[in-house]
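Student: These protein sequence lines are chains A and B, in that order.
Each residue of the first sequence is one higher than the one before, starting from 1 at the first, in the working numbering.
Each residue of the second sequence is one higher than the one before, starting from 1 at the first, in the working numbering.
These are computed hints drawn from the structure, not numbers from a lab.
Any given hint could be a false lead.
[As the list claims (entries may be wrong)] Pairs of lysine-lysine residues, derived as PhoX-like cross-links and limited to a Cα-Cα distance of at most 20 Å, are as follows:
1. K58/A <-> K328/B
2. K121/A <-> K58/A
3. K121/A <-> K328/B
[Unchecked claim] Residues of chain B placed beyond 10 Å of chain A at every Cβ, according to the derived structure:
4. D2
5. G13
6. G186
7. L204
8. R254
9. W256
Glycine included, every Cβ here is placed at the ideal spot set by N, Cα and C.
For reference, the chains in residue letters:
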Amino acid sequence: MEFDALLLSRIQFAFTISFHIVFPAITIGLASYLALLELLWLRTGEARFRDLYRFFSKLFAVCFGMGVVSGVVLSYQIGTNWSGLSQAAGNVMGPLLAYEVLTAFFLEAGFLGVMLFGWDKVGPRLHFLATCMVAVGTLISAFWILSANSWMQTPAGYAFENGEFRATDWLAAVFNPSFPYRLVHMVLAAFLSTSLLVGGIGAWHLLRGREETRTRTMVAMSVLFVAVVAPLQIVAGDLHGLNTREHQPVKVAAMEAHWETQRGAPLILFAWPDESSESNDFVLEIPKLGSLILTHSFDGEVRGLKSFPEDERPPVAIVFWSFRIMVACGLAMLALGWIGAFLFFRRRLYDSRWFHWLAVLASPLGIVAILAGWVTTEVGRQPWVVYGLLRTADALAPLSGSSVALTLAGFVVVYCGVFGAGIWYLLRIAREGPSWAGGPEPEISAPALRLPGE
Amino acid sequence: MDLATLLPVLWAGVIVFAVVVYVLADGFDLGLGILFPFAGSEADRDRMMNSVAPVWDGNETWLVLGGAGLLAGFPLVYSVVLPAFYLPLIVMLLALVFRGVAFEFRERAPHYKQGWSISFWAGSLVATFAQGVVLGGFVRGVPVEDGVFAGGTFDWLEPFPLFVGLALVFGYALLGAGWTILKTEGEQQAWARRCCRLLLPAVLLAMAAVSLWMPLADEQVAERWFTWPNIAFLWPVPLAVLALSLLHWIALERGWQALPYVSAAALFLTGFFGLGVSLWPYAIPYAVDIWQAAAAPNTQLFALVGFAVMIPIILAYSAWSYWVFRGKVGDEGYH
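So that you can see chain A by itself, here it is in the shape it has in the complex (with noise of 0.2 Å):
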């Protein structure tokens, strides 16, 4: 039996790299989290933030532990698996790389330790300093590698020479056009996924019957937080939307299932596109709607699918659907946090069970929101991995089809396996909640942290 060895790799990529994105998205919600905790507690000194920090810092440190090991897969595998880019590319990407490990990694992990071990190690400024690194530390590594990913999505500031991309102008590479949309958009990805974790966990154990400050606070920060940050969401997609619309247009026709170039086009809510007749099957649809969210007016000119080379246009069917489950999650975001805020001010927020029910069910929402985002821009770009100049096809590296097929199962057995294990083990500890009342409290005193000027 022959296998494709570039079909193998493709799959390989998806699945690695989609097991690794959940857990540093977690890592870069919760990160901030935590610090903005840890400054809650040394300016107020309550128990409640101490408690919490604690408890979200043994959820971090395991899902850190898992966004490292399967990151550091990923490092390699642009060279093991598609070496055709890392030979194209590598003088434009190689340093955008080097510098997150440079500026992001390093501070991550030079912190982390002083963070989750050396609370009775170093002062609480000190402490507070370590959580704050890295914090900072996962941001910029979401500033690094959003730039690589954008500029294979839209490249900027280099030059095509016999097959290879040299940098002309290293700050047009690093800030290509698309870099500011995609960054914003995962950032607050990130925060929104981590906050309907914690507002999920709160709520259960409110469900629990552990009506105590700490749930509270824990379902009250989180409800507030989507309150607002939801819509903001919603403006970023949109400016991200029209964004791809300007570079990558074929992406947008895929996304709406548009065949023909029309004007009013219609908004497809439900379709079964069919690429071999290039048309759509089963169509519900909203009249001049799509015209109006693509190009913010009524009769604008919205490109269709046929008027790209047939061997130019992404699949289809994965990207409309991908990006319609994303887009139902951030709606259904939206819902659950204004009805949350709605309750807060009416004071019914920590007795209404429905509501505390619907926030369990909606925390996965901001992952798999993520996961499908990212799979509508990175199928949306196909065939192309360096958009428009050069395809994922001639990236592969040289290898025999049964070797990728024999990793890919190594993969998928051992992810399966290992990082199922830590997303039971982190079940596990939000089932257990922060130490409540009556429990052991460590021992940490807290002195009040006072700002300058205060």
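Once you have looked at the hints, place chain B on chain A.
Tutor: Coordinates of chain B only, in the frame set by chain A:
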């Protein structure tokens, strides 16, 4: 000397630096994992784990820096060498998954602690062996045609790479034992000293075997070492190895705390120096030199600025982190 000549040399220094720091740092926590099942008791194992828990992640980051640095400085090497060692590299990455998660999982699964201890040990052992295989295969040379790897899937499956894999297992274990001496006391430290006494001869034998094997197998290496005037400068290298071994032995006998690890690390440095002498100036042995493999000068310059600025800062706060957790590791809980 113009920039295009100088930059690749500086970059070779950067890569060597990253690899050396990686080996000396992650080497001891991988070695600790290799020795894990031989420790006297479960409490001993917990102490070993606790002694590296705050720093292992930073240690492993040097491996990521090596990869990213290679991509930035020598994209050709990254693009040829990684596919050439596809299977051992993927095995190494999967092994690192098993050992990396064990730090947290071992504490989270009281009923399955044993399982994650085994995962830590096996992951450390396999990752080390795979690293040695890659190193050994790399040293033997990698065929390149038109800037693409031109060998087969199992080229690395030869006696020499496998032997280097085994040698590295002993080497990392020696570093791990040296670290254990530094971080523990009493009976456990005595056990670690016994480990060193057993491992040192194995490491020396392995170094001697590699030192003979390479010049016998490759004429270029023989020429590099045994012709005039090189030999006039190089004859002290084996002498340094012997002197360091003696120092290590004395440190073990006299009960010194830090010197066993330091002298083992110095032994590694001489080994690296020997490899460097043999391979210079090849970026991919016997096929591509560092100037042919170099990224465009503006790429190398841009990334080099980052290294020059960030490495001192990184070393400073990493050293601070080690300082915070200095001294003997106690029995206190994990978190």
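Student: Checked against the structure, which of the hints given earlier come out wrong?
Tutor: 1
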